[in-house]
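Based on the sequences and whatever the hints tell you, model everything.
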Amino acid sequence: MRLNLTVNGERRRADDVWEGESLLYVLRERLGLPGSKNACEQGECGSCTVYLDEVPACACLVAAGQAEGREVRTVEGLADGDTLDPVQQSFVECGAVQCGFCTPGLVVAAHDLLRREPDPSDEEIREALAGNLCRCTGYEKILDAVRSAASAR
Amino acid sequence: MEFVRPDSLQEALATKAERPGAVPIAGGTDVMVELNYDHRRPEALLDLTRIAELATWSASGGYVRLGAGVPYTRLIDELGDTLPGLAMASRTVGSPQIRNRGTVGGNLGAASPAGDTHPVLLAVGAEIELASARGVRRIPATDFYTGVKRSVLEPDELITAVLLPVAGTAAEQFSKIGTRNAMVIAVCSLGLVLRDGRAGVAIGSAAPTPRRVSGAEEFLAAELPWDDDAPLPDSLKRRFAELVAAATEPIDDVRGTADYRTHALGVLARRTLTWAWDDYRGSVRACA
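In order, the protein sequences belong to chains H and W. Taking this note's numbering, the leading residue of the first sequence gets 796, the next gets one more, and so forth. Taking this note's numbering, the leading residue of the second sequence gets 97, the next gets one more, and so forth.
These are calculated hints, taken from the structure and not from any lab test. A couple of the hints might just be wrong.
[Said to hold, decoys possible] Not close to chain W: a few residues of chain H, all C-beta gaps over 10 angstroms, as computed:
1. G804
2. A809
3. C894
4. R930
[To be verified] Below, a sample of chain H positions facing chain W; criterion: calculated Cβ distance under 8 angstroms:
5. S817
6. E849
7. L856
8. L873
9. C889
10. V892
11. A923
12. A925
All residues carry an ideal CB built from backbone N, CA and C; glycine is no exception.
Structural data, given as structure tokens:
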């Protein structure tokens, strides 16, 4: 089937999309946006977190056809040109990245948290990131990065 | 496979009548896992996310009518005070991303014995609204579940709403055992509702279906000191815990043993009764 959607502010079209395909597959394999990562494919890890109509969702659990006519914002759409979003900048500065596989999902989840709650408590940060798994960092640097991004805003 | 994208409930029901094999998909948090893992190849997917009426709720006549497609996050934000027990259970579902998409309708459609909302739906005495091109029927949650991941839903029907009583003086509690506070499929769970001198008690992940514990409900209705502010006697809590534990019919699996589940449900029963009773007496005092 043909799919029309808006991704990071641009109207995009994908052809020959299989009806059982996920939005994640469309983004990575058909639209050339590999920022959202494909890991668990069951909503456990959060590596594929994107905004769907401004609501964070696991792209692996959205059927491609459900995104028809919708607006998707991926990690690639957070920076303003060459200027990183404050959340991205904080991840760099705090060393909140090791292998990097979980980073895009964590960045989107943290970005959403700070939109909703500009000055989150540690508990709110932990809750907001509860659906994103990182197997390298032990999370402490990630928590530092979110705190730092909050204070930078 | 086909992807069917109805804009109205009528259209969706017409599709379901013609093609009962079409699998409804809303939040996708169960259905997409099955597709991603090649466990299921339905002839068609029936997308319910464009049907506005499924994603609304309303309150009237002492009931909330919750559309089957309202995501957990909205339920928690918009109905947290009105449906405290269901909101409590909803907060324990998956992660923020999952709660943004998952729905009570989907929990019912999957009908897993471990589904988080089932014990609350049973304990509050919810009714499930099922629609087809033939008409609409409402059935008590108690009659909905028929086996592991099985329900009375007919192939041409869709789950359209849940009706939950909200009138009167009430306290609602939900508790769940798991290895962490997020992304946990319940090892076991319990819903408890006290409302105007009656009790609703139900357990999850402890039998082939979510299950009401009628014996424990009758015991509480008869034995709770409804008009007395004194703390509950330990003997009453102990007996209640025994009745709940006796109603379990659990299995050993990767998440826990049958013995553990039975033991843990006794503990959950005692704890939730203490919390619910405190809430209930607090509500009575606030109204006095």
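Tested hints:
1. For H:G804, the shortest C-beta to C-beta distance to chain W comes to about 21 angstroms, beyond the 10 angstroms cut-off, and the non-interface label holds.
2. With a least CB separation of 13 angstroms from chain W, H:A809 remains clear of the 10 angstroms interface cut-off, as annotated.
3. For H:C894, the condition that its CB be more than 10 angstroms from all CB atoms of chain W holds, with the nearest at approximately 20 angstroms.
4. For H:R930, the shortest C-beta to C-beta distance to chain W comes to about 14 angstroms, beyond the 10 angstroms cut-off, and the non-interface label holds.
5. Interface restraint check: H:S817 against chain W, minimum CB-CB distance 6 angstroms, threshold 8 angstroms, status holds.
6. For H:E849, the shortest C-beta to C-beta distance to chain W is roughly 10 angstroms, which exceeds 8 angstroms, and the interface hint is violated.
7. Evaluation of the H:L856 hint against chain W yields a held restraint, the C-beta minimum of about 4 angstroms falling below 8 angstroms.
8. A distance limit of 8 angstroms between C-beta atoms decides the matter here; for H:L873 the minimum to chain W is near 16 angstroms, and the interface restraint is violated.
9. Here the hint on H:C889 is broken, as its CB sits about 22 angstroms from the closest CB of chain W, past 8 angstroms.
10. Below 8 angstroms, beta-carbon pairs count as interface contacts, and H:V892 has none with chain W, the closest being about 20 angstroms; its hint is therefore violated.
11. Of the supplied interface hints, the one on H:A923 holds, with its beta-carbon coming within about 6 angstroms of a beta-carbon of chain W, less than 8 angstroms.
12. Checking H:A925 against chain W: minimum C-beta separation of about 3 angstroms stays under 8 angstroms; hint holds.
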